[in-house]
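Based on the hints, put chain B in the right spot on chain A.
Line order of the protein sequences matches chains A and B. When we follow the working numbering, the leftmost residue of the first sequence carries the number 1, and every step to the right adds one. When we follow the working numbering, the leftmost residue of the second sequence carries the number 1, and every step to the right adds one.
Simulated from the structure, these hints should not be mistaken for lab results. Incorrect hints may have been included.
[Said to hold, decoys possible] Once the Cα atoms are required to be at most 16 Å apart in a straight line, the calculated EDC-like pairs of lysine to aspartate or glutamate come out as:
id	chain 1	residue 1	chain 2	residue 2
1	B	Lys270	A	Glu202
2	B	Lys194	A	Glu184
3	A	Lys259	B	Asp55
4	B	Lys259	A	Asp187
5	B	Lys279	A	Glu177
6	A	Lys116	A	Glu161
7	B	Lys270	A	Glu99
8	A	Lys137	A	Asp207
9	B	Lys51	A	Glu202
10	A	Lys51	B	Asp188
11	B	Lys194	A	Asp55
12	B	Lys270	A	Glu197
13	A	Lys194	B	Asp55
14	A	Lys194	B	Asp188
15	A	Lys270	B	Glu197
16	B	Lys259	A	Glu202
17	B	Lys270	A	Glu184
18	B	Lys51	B	Glu256
19	A	Lys259	B	Glu197
20	B	Lys259	A	Glu100
21	B	Lys51	A	Asp263
22	A	Lys270	B	Glu184
23	A	Lys270	B	Glu256
[Said to hold, decoys possible] Okay, the calculated beta carbon distance ranges per label pair:
id	chain 1	residue 1	chain 2	residue 2	range
24	A	Lys44	B	Glu33	42 to 50 Å
25	A	Asn190	B	Asp207	45 to 53 Å
26	B	Glu33	A	Ala223	46 to 54 Å
Each residue gets a CB set at the ideal place from its N, CA and C atoms; glycine is no exception.
The primary structure of each chain is shown beneath.
Protein chains: 2
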Amino acid sequence: MNYAKKLVVEPGAKVRLARFDPAYHGKHGNEEEAGRALEEMKNKIGALQRKMYGDNRHSLLMVLQGLDAAGKDGVCWHVVGAMDPQGCRVHGFKVPTGEEAAHDFLWRIHPHAPAKGEVAVFNRSHYEDVLVTRVHKLVGRKVWERRYDMINQWERLLHEENGTTILKFCLVVSRQEQLRRFAERLDDPNRQWKISESDYTERAFFDDYLEAFDEALERTSTAHAPWFTIPCDHKWYRNLAVAGIVLEAMEAMHLEYPKPSVDLGEIRRKYHAAEQAEKKGSV
Amino acid sequence: MNYAKKLVVEPGAKVRLARFDPAYHGKHGNEEEAGRALEEMKNKIGALQRKMYGDNRHSLLMVLQGLDAAGKDGVCWHVVGAMDPQGCRVHGFKVPTGEEAAHDFLWRIHPHAPAKGEVAVFNRSHYEDVLVTRVHKLVGRKVWERRYDMINQWERLLHEENGTTILKFCLVVSRQEQLRRFAERLDDPNRQWKISESDYTERAFFDDYLEAFDEALERTSTAHAPWFTIPCDHKWYRNLAVAGIVLEAMEAMHLEYPKPSVDLGEIRRKYHAAEQAEKKGSV
Chain A
1 MNYAKKLVVE
11 PGAKVRLARF
21 DPAYHGKHGN
31 EEEAGRALEE
41 MKNKIGALQR
51 KMYGDNRHSL
61 LMVLQGLDAA
71 GKDGVCWHVV
81 GAMDPQGCRV
91 HGFKVPTGEE
101 AAHDFLWRIH
111 PHAPAKGEVA
121 VFNRSHYEDV
131 LVTRVHKLVG
141 RKVWERRYDM
151 INQWERLLHE
161 ENGTTILKFC
171 LVVSRQEQLR
181 RFAERLDDPN
191 RQWKISESDY
201 TERAFFDDYL
211 EAFDEALERT
221 STAHAPWFTI
231 PCDHKWYRNL
241 AVAGIVLEAM
251 EAMHLEYPKP
261 SVDLGEIRRK
271 YHAAEQAEKK
281 GSV
Chain B
1 MNYAKKLVVE
11 PGAKVRLARF
21 DPAYHGKHGN
31 EEEAGRALEE
41 MKNKIGALQR
51 KMYGDNRHSL
61 LMVLQGLDAA
71 GKDGVCWHVV
81 GAMDPQGCRV
91 HGFKVPTGEE
101 AAHDFLWRIH
111 PHAPAKGEVA
121 VFNRSHYEDV
131 LVTRVHKLVG
141 RKVWERRYDM
151 INQWERLLHE
161 ENGTTILKFC
171 LVVSRQEQLR
181 RFAERLDDPN
191 RQWKISESDY
201 TERAFFDDYL
211 EAFDEALERT
221 STAHAPWFTI
231 PCDHKWYRNL
241 AVAGIVLEAM
251 EAMHLEYPKP
261 SVDLGEIRRK
271 YHAAEQAEKK
281 GSV
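Same shape as in the complex, but just chain A (with noise of 0.2 Å):
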């Protein structure tokens, strides 16, 4: 199964996240089975981050957007929870703070990039900017039109300039799902607390997120960028399909560890004395 093919937003198309069926869960029999093939892709990419780490060339940036309740925290724990903390880095980005709002709106964002060898995981991003900022007119549509292209350059330069592959998740979720998450909240002690007003207030605004999602992935869903819509009715599916385009964008590094930077001969020459010495008990 190829999930980046299969949910990529082509650099050009149309989006129509109205038309999208956030049910789709491909053909996988049942959960326990597709539990499994997770497990065993967590593996893999566990693997192969610890090696990207090692091979210091590549980075990755993966920036999680998506309709409430679609599951942005379920993928950091069930999909990022695979990685070495050590390497891999979950940033959340809330309302901008007071310093924040007096800068451009990269300005926040720019410093969380990842490293050469590193995974930043992007818990919300710069595409708030484009997309409850437009939905609530906190700007006008001047400001937000000129933002795709700003941020189609900024990626650009993460990519050119750093090695980063950089893989957008849109989170797409149905309104009926969405509600009975929310429903389900309020009848688990353990989770009411996340419940906030903004839960139902912000269902009067669905449309017109889909509308600016829609506008934001035609305009900056690029090849150095992709974004990928991904069906999350089902959490299963919603991790199998993260978790699937992660693997393979990590294959598609093909990552190796870097070549010794010391003369191997020479080591284990005073690998052998420190042996020797220790035996004598000289040291």
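Coordinates of chain B only, in the frame set by chain A:
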């Protein structure tokens, strides 16, 4: 098994790592049994860390120091890897950059202290400034001597001002086992790149490091930021011990999910209104 009680450096206690047994492995029957125990602990750690993130009152700082090849990286992968990457950050401190060296030794450390709800892991730390700098005489006794109090004061700040639990792990490996691990790297093409000249040149300072650790542990193991000496000749015991201490500390936090910030009755009405509207197909 209470790992913390067994391995803690009691405040004020004398430390003589030269007499410490790095091959200690408690009473576990075999590695397989220990592996199962570790998996169980990791599941609990993952669940509690996610609860801590929700609870948002406590934070945890794990400091990893130790002898070369004792397993700082291994602890990141095998123990910290149990946590949700959202809310957990590993930061590795290397040789200070020019800008870092132009500041006091805590300047580059402080920004990485954990926020409320979060876990921060230091792979090496501010302790390098009373260890490597002392062993290699990069600063004089007067300078590193006064740093113990500065460290204690700074750690107290994190603890008292931000509710940070600080756990400091000194990973101890025997001279023989360290050499054996270097030899393993020599024979493993995937790990040869990790070999450096300093692996061998630093071995000449093995006893000096033990002495530097002795004094650092004596002077900075406090009630608010205790040190634990971890026997690391058996990797499985090392992982169990660190996981056990982390788990015990998290359990002692008595974590709770926050109370809902909204009126649940009101939210239930909103939910039913949304459900009705959807049934009618009016949205």
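We went through each hint and held it up to the structure:
{"no.": "1", "hint": "B/Lys270 <-> A/Glu202", "in the structure": "holds (12 Å)"}
{"no.": "2", "hint": "B/Lys194 <-> A/Glu184", "in the structure": "violated (48 Å)"}
{"no.": "3", "hint": "A/Lys259 <-> B/Asp55", "in the structure": "violated (46 Å)"}
{"no.": "4", "hint": "B/Lys259 <-> A/Asp187", "in the structure": "holds (14 Å)"}
{"no.": "5", "hint": "B/Lys279 <-> A/Glu177", "in the structure": "holds (13 Å)"}
{"no.": "6", "hint": "A/Lys116 <-> A/Glu161", "in the structure": "holds (11 Å)"}
{"no.": "7", "hint": "B/Lys270 <-> A/Glu99", "in the structure": "violated (35 Å)"}
{"no.": "8", "hint": "A/Lys137 <-> A/Asp207", "in the structure": "holds (15 Å)"}
{"no.": "9", "hint": "B/Lys51 <-> A/Glu202", "in the structure": "violated (26 Å)"}
{"no.": "10", "hint": "A/Lys51 <-> B/Asp188", "in the structure": "holds (14 Å)"}
{"no.": "11", "hint": "B/Lys194 <-> A/Asp55", "in the structure": "holds (11 Å)"}
{"no.": "12", "hint": "B/Lys270 <-> A/Glu197", "in the structure": "holds (9 Å)"}
{"no.": "13", "hint": "A/Lys194 <-> B/Asp55", "in the structure": "holds (11 Å)"}
{"no.": "14", "hint": "A/Lys194 <-> B/Asp188", "in the structure": "violated (48 Å)"}
{"no.": "15", "hint": "A/Lys270 <-> B/Glu197", "in the structure": "holds (9 Å)"}
{"no.": "16", "hint": "B/Lys259 <-> A/Glu202", "in the structure": "violated (22 Å)"}
{"no.": "17", "hint": "B/Lys270 <-> A/Glu184", "in the structure": "holds (14 Å)"}
{"no.": "18", "hint": "B/Lys51 <-> B/Glu256", "in the structure": "holds (7 Å)"}
{"no.": "19", "hint": "A/Lys259 <-> B/Glu197", "in the structure": "holds (15 Å)"}
{"no.": "20", "hint": "B/Lys259 <-> A/Glu100", "in the structure": "violated (30 Å)"}
{"no.": "21", "hint": "B/Lys51 <-> A/Asp263", "in the structure": "violated (49 Å)"}
{"no.": "22", "hint": "A/Lys270 <-> B/Glu184", "in the structure": "holds (14 Å)"}
{"no.": "23", "hint": "A/Lys270 <-> B/Glu256", "in the structure": "violated (54 Å)"}
{"no.": "24", "hint": "A/Lys44 <-> B/Glu33: 42 to 50 Å", "in the structure": "violated (28 Å)"}
{"no.": "25", "hint": "A/Asn190 <-> B/Asp207: 45 to 53 Å", "in the structure": "holds (51 Å)"}
{"no.": "26", "hint": "B/Glu33 <-> A/Ala223: 46 to 54 Å", "in the structure": "holds (52 Å)"}
Hint compliance for this structure: hints 2, 3, 7, 9, 14, 16, 20, 21, 23 and 24 are broken, all remaining hints hold.
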